[in-house]
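Asker: For reference, the chains in residue letters:
2 protein chains.
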Amino acid sequence: MTEVAETAVQTPAPAALRGRRGRRPVDVADLVARAREGEARAVARLISLVEDASPALREVAAALAPYTGHAQVIGLTGSPGVGKSTTTTALVRAYRGAGRRVGVLAVDPSSPFSGGALLGDRVRMQDHAGDSGVYIRSMASRGHLGGLAWATPQALRVLDAAGCDVVLIETVGVGQSELEIASLADTTLVLLAPGMGDGIQAAKAGILEVADAFVVNKADRDGADQTVRDLRYMLSLGGRHETAGAWRPPICRTVAARDTDNGIDTVLEAVEEHRRWLESSGEGHRRRVQRAAREIEAIALAGLRERMGDVRGSAALGALADAVVAGGTDPFGAADQLVAQL
Amino acid sequence: MTEVAETAVQTPAPAALRGRRGRRPVDVADLVARAREGEARAVARLISLVEDASPALREVAAALAPYTGHAQVIGLTGSPGVGKSTTTTALVRAYRGAGRRVGVLAVDPSSPFSGGALLGDRVRMQDHAGDSGVYIRSMASRGHLGGLAWATPQALRVLDAAGCDVVLIETVGVGQSELEIASLADTTLVLLAPGMGDGIQAAKAGILEVADAFVVNKADRDGADQTVRDLRYMLSLGGRHETAGAWRPPICRTVAARDTDNGIDTVLEAVEEHRRWLESSGEGHRRRVQRAAREIEAIALAGLRERMGDVRGSAALGALADAVVAGGTDPFGAADQLVAQL
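Heads up: the protein sequence lines correspond to chains V and D, in order.
Sequential numbering from 1 applies to the first sequence in full-length UniProt numbering.
Sequential numbering from 1 applies to the second sequence in full-length UniProt numbering.
Keep in mind that the hints were calculated from the coordinates and are not lab data.
Yeah, the Cβ is synthetic: ideal placement off N, Cα and C, and Gly gets one too.
Each hint should be verified, as a subset may be incorrect.
Covered stretches of chain V (chain D as the covering partner; in silico rule of three or more C-beta atoms under 8 Å from a C-beta of chain D) [to be verified]: (1) 57 to 71; (2) 292 to 306.
Here are the in silico distance ranges between beta carbons for each label pair [as the list claims (entries may be wrong)]: (3) D:26 with V:246: 39 to 49 Å; (4) V:282 with D:66: 48 to 58 Å; (5) D:319 with V:70: 40 to 50 Å; (6) V:282 with D:37: 53 to 63 Å.
The shape of chain V in the complex, shown without the other chains (with noise of 0.2 Å):
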């Protein structure tokens, strides 16, 4: 199944809750059974259904809920630059050789408000185009706060539901979102290249503590071992490893350009072997229950956002923020009338 991403993908609107907006009628349950048989415009129609504002949004989850939990989770995030797209690619072109079928979805929260994502996906999508065993979704927040903490797990069980063995979530890092990323993933690869940085930029990212293994791309360039080098002294330093059983991210090195994908063996093994432990360990389950538990989170957010929406529809928020401005009340203040009047 391919499909050309779509660039921008809106994010929910907060009404798409309650499904105020009118569209055609959707046969849920057979768009599902259209999906599950590998179709990529059912897929793509139902990423579609939960993303956007749609009345079937329920209806949706409700009718996935029963096929999914199947799927690995692997994110990738990373600085701009670090070659997050071509590892990404290289990933998709190893599993697909392996006969799996792959979903990848790449989230770009750092474009908002306009279509961000547009110049790296015409790039990416190009190797795959025409690849039944392929689906590639781009997502975009369009600002709504914790727009992309809604929207990605429900785009996630879509391709899960859907029959994907394994589905790439990548990321640009630095920030939250790689956070964000981290508690969707059942394993988190954090890729650094030569020369992004020196060690106090890699410590202020707070990579260490996402990662389940680094990806060194770019080895063949100068400076790889020292990045290495930089990478092993602060797992050192940190103490999260040195508990017993504890998993110890190990380091690959990865040449992934256009042509190449040496290393990637590396990177698929270390994926292996944590996802061996996380079943092993226990973490894996505990990992899964810990991301419904933040969705069904996010979800509530979302739904008493929307009726924060409301109030500030009838101009209530804009008086109150008109106040705090004044100095003549605090935002507080502010805070306990606006949700009074939930």
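Knowing the structure of chain V, use the given hints to seat chain D on it.
Answerer: Chain D in isolation, oriented as in the chain V frame:
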């Protein structure tokens, strides 16, 4: 007023909203009076009170309200390694040279689990230790969703009320964090450096939408001209700046390093010109009202999230998450049940 930045200040546990934790009683009126006289310890204490889980939180917010709205807020964002810290230092030096009181909030959303701001701060602090007109504070989210969205405006209010003429908010882009900073700042500076990624990466980063001015730092390096050309080209593609009277983000070139501030004067001019435009166009007031609205909403949501935490404490969310993982219910149904229990 000077204070050695506290590394990894804890963002408010939602419990802060109801002031559960016991602490020694605080004379808020006295603290606010002393902060307004420029006493660094009082400023530090107030920021801790609003950030941390203090029972006095609401009292502090109410006491600050009449004194806010004076500070000019300048946001700095950019990828790791572009020179945000050195540029911030150079701006502090320049504003101090002009006799203005300066506050700096170094926001580090990328390290929610540990003191990721540690090294960067130690590097930066040395320049201004001993200057009583500079107040520098580090903040690192501890992983509470919305933690920095909640805490940063509160710290900003303290610095504003304490008489800072200029508050610089520095954050590592790329991601949601830069949007939050842009939503807080009167003027947002987006920093770039040559060789940090090509045009596609810049477009991905979504920087065009949030920048009020661009700063191409390390402008003495190869590729600086190309970076400026790329920026100009991308700006020419966007439609945002074509409206009559719209602000066109200037592009400044700097070589901000430990001992040189080349080009910082052009940045100061750009900021000043933007300030005049904000006033003449009415956009400045509009931004401040919008900022207050977001702040109110963030506080209200934190309060609602706290109530969910109570529900979670009673294991209800855990049971719902288990049911979702088992496929027995979908996350929307679970969210309905969660909200019903609030």
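Asker: Take the hints in turn and mark each one as holding or not.
Answerer: Hint-by-hint comparison with the structure:
1. 57 to 71: Answer holds; 10 residues pass the 8 Å Cβ test.
2. 292 to 306: holds (count 11)
3. D:26 with V:246: 39 to 49 Å: With Cβ atoms ~41 Å apart, the hint holds.
4. V:282 with D:66: 48 to 58 Å: holds, 55 Å
5. D:319 with V:70: 40 to 50 Å: The hinted range 40 to 50 Å is violated for residue 319 of chain D and residue 70 of chain V, with Cβ atoms some 23 Å apart.
6. V:282 with D:37: 53 to 63 Å: Since the Cβ atoms of residue 282 of chain V and residue 37 of chain D sit about 57 Å apart, the hinted range of 53 to 63 Å holds.
Of the numbered hints stated above, the single one contradicted by the structure is hint 5.
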